[in-house]
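Engineer: Residue numbers (numbering that gives the first Met the number 0), protein chains in the order written: chain Z, 0 to 136; chain S, 0 to 134; chain Y, 0 to 273.
Keep in mind that the hints were calculated from the coordinates and are not lab data.
This structure is a prediction, so every number in the text was calculated from the model and none was measured.
A hint or two may mislead.
Pulled a few chain Y residues facing chain S out of the computed Cβ check, cut under 10 Å [stated by the list, open to error]:
1. V177
2. G180
3. S181
4. I203
5. K204
6. R210
7. A214
8. Q227
9. T228
10. H231
11. L232
12. I234
13. L236
14. Q238
25 Å max Cα-Cα, derived DMTMM-like pairs, lysine to aspartate or glutamate [claimed, not checked]:
15. Z/K54 to S/E106
16. Y/K124 to Z/D94
17. Z/K93 to Z/D71
18. Y/K109 to Y/D135
19. Z/K62 to S/E29
20. Y/K95 to Y/D84
21. Z/K68 to Y/D84
22. Z/K25 to S/E106
23. Z/K68 to Y/D56
24. Z/K110 to S/D19
25. Z/K110 to S/D22
26. S/K115 to Y/D84
27. Y/K204 to S/D47
28. S/K97 to Y/D56
29. S/K115 to Y/E259
30. Z/K110 to Y/E127
31. S/K70 to Y/D195
32. Y/K109 to Y/E128
33. Z/K134 to Y/D235
34. Z/K25 to S/D47
35. Y/K204 to Z/D94
Ideal placement from N, C-alpha and C gives every residue a C-beta, glycine not left out.
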Amino acid sequence: MIIVLNKDSMAIVREQDVVPFRNRVKEYAVKMGMSLVNQTKLITAASELVRNLLKYGKGGQVKIEVVNKGRDNGIRLVFIDQGPGIENIELAMKDGYSTGKSMGLGLPGTKRLVSEFNIESTVGKGTTVTIIKWKNG
Amino acid sequence: MERIPILRMGHFLLVTIQVDLYDQLAENLESDLVHMVKKTQAKGVLIDVSAVSIIDSFMGRILGNIATMSKIMDAETVVVGMQPAVAITLVELGLPLKGVHSALNVERGMQLLHSKILLDQGDVEEGDDDDHSTE
Amino acid sequence: MEQWSSNQLSNDGLRDDLISNEDQLAQSDELLTVFLNTLTEDNLDDTTSSDFEKVIDILSGISISRAKQGFSSQETGVYIFSLKDALLTVLQQEIKDPTLLYAQTLKVNKLLDSLSVITFETFIKGREEVILRQTDEISEISTPVIRVWDGVLALPIIGTLDSSRTQVVMENLLQEIVETGSSIAILDISGVPAVDSLVAQHLIKTVSATRLMGAECIISGIRPEIAQTVVHLGIDLSQIITKSTLASALKTAFQMLQLEVVKKNREKVSGSRI
């Protein structure tokens, strides 16, 4: 049972919105007492996803929530865009880095950085990516 | 337009990244570096990332690009001062960072570059009058 | 109250080695007082009533502290059951009317049962906290980073290398590299019972991270069985320097650092360079 302790959200429309967004996520992570390594992983994952939001989703919104599940506290980020959507999610989630090609959406790597990862997308409607990083995850 | 300063240290160029690189700034850096390498005939590029707390795939691509471009211009690239948390995250993310060498700090980075250059020169200048013979 | 105390004392489950009788008495007294104060005609029926919050708090406190002190779950449960017995005995003595006695007994029964469920739940939580704490401690102890020489670190990894251990190993190792300016890390895996593709992945990750810090890794302590498994599983370790013993890894490290170990007293034995 996940309880939301704090809700926040930011609109991501231009490149200049990325840095303030990262800083905001960092604030919450630091306040919660997340270790430096976990902070770094979370913010890096957030950075990947927010770039996708801008580049492929044509901008959108990110919900930043502090959540609690039992004994664990964590941060949940929801990236919502009304862009073209992803046609083949399975393919997008496949690890392609070993072939040396470009990172594409960088989703499999991003997934490894966080505790929970969920993606929903409809072609023509948009994409929603939800990630959770538990404090001790 | 902001530009990241590039310092010249003998045969090497030193770039210290202290701000978050957004797209335009990164592109400028790539182009500025390539031009500087050409202009100074630099043999090595040191990129100091000790102040960088997040390296995502975008930044990783930039570093890779710089390394590849420099190599084409006959210069080696060394990234120095990476923070442990960043290194761990990069490995988990799976960024290959091709052609990029690493060193703990600028001093070690220069040592590394020197040894790399000696090796290269040793290979090429075999029949030369130069002192740089392979050992 | 007296009934309950004598119940507890006569119970075989009394652990006076873990908690003195006086403390026990004090605890029980507090619990009972709050319980009786909270109890009214209304909430006797409602086990989930918020009136019982304070009781639950005290009960949880007692349960958790007992879990930490080493009481078994049975002993803690018996603590509550003996209260129930005492209450029922008192009821029997006070109420003469059988129907009323029965009704009240049922209510008291139900109430105390739910309280005992809470007791068990919190007991388990208490034990889980102990386990978690111990796990952390084990992680800490079992991944020491040793400075064997100027610029050379050694990590004897003991036990299974799962992803959370790997995180701890990587963090400790990289931190030491920064602090000591070491350029070589020897990972000794003779204490790792099995190396499968997952463990190999963790090792490879650690080596990659070390390289990003400008240092090099040597993996030592490779037992023949591990070498076999690695080959059979098709794991590619060709990019990593591997040695079978820590000693040979150290030798390699010295070579890489261009160091020589020379025996003193050179006149007699000239070729003793290691």
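Engineer: Just pull the numbers of the violated hints for me, sorted ascending.
Structural biologist: 8, 9, 10, 11, 12, 13, 14, 15, 16, 17, 18, 19, 21, 22, 26, 28, 30, 31, 32, 33
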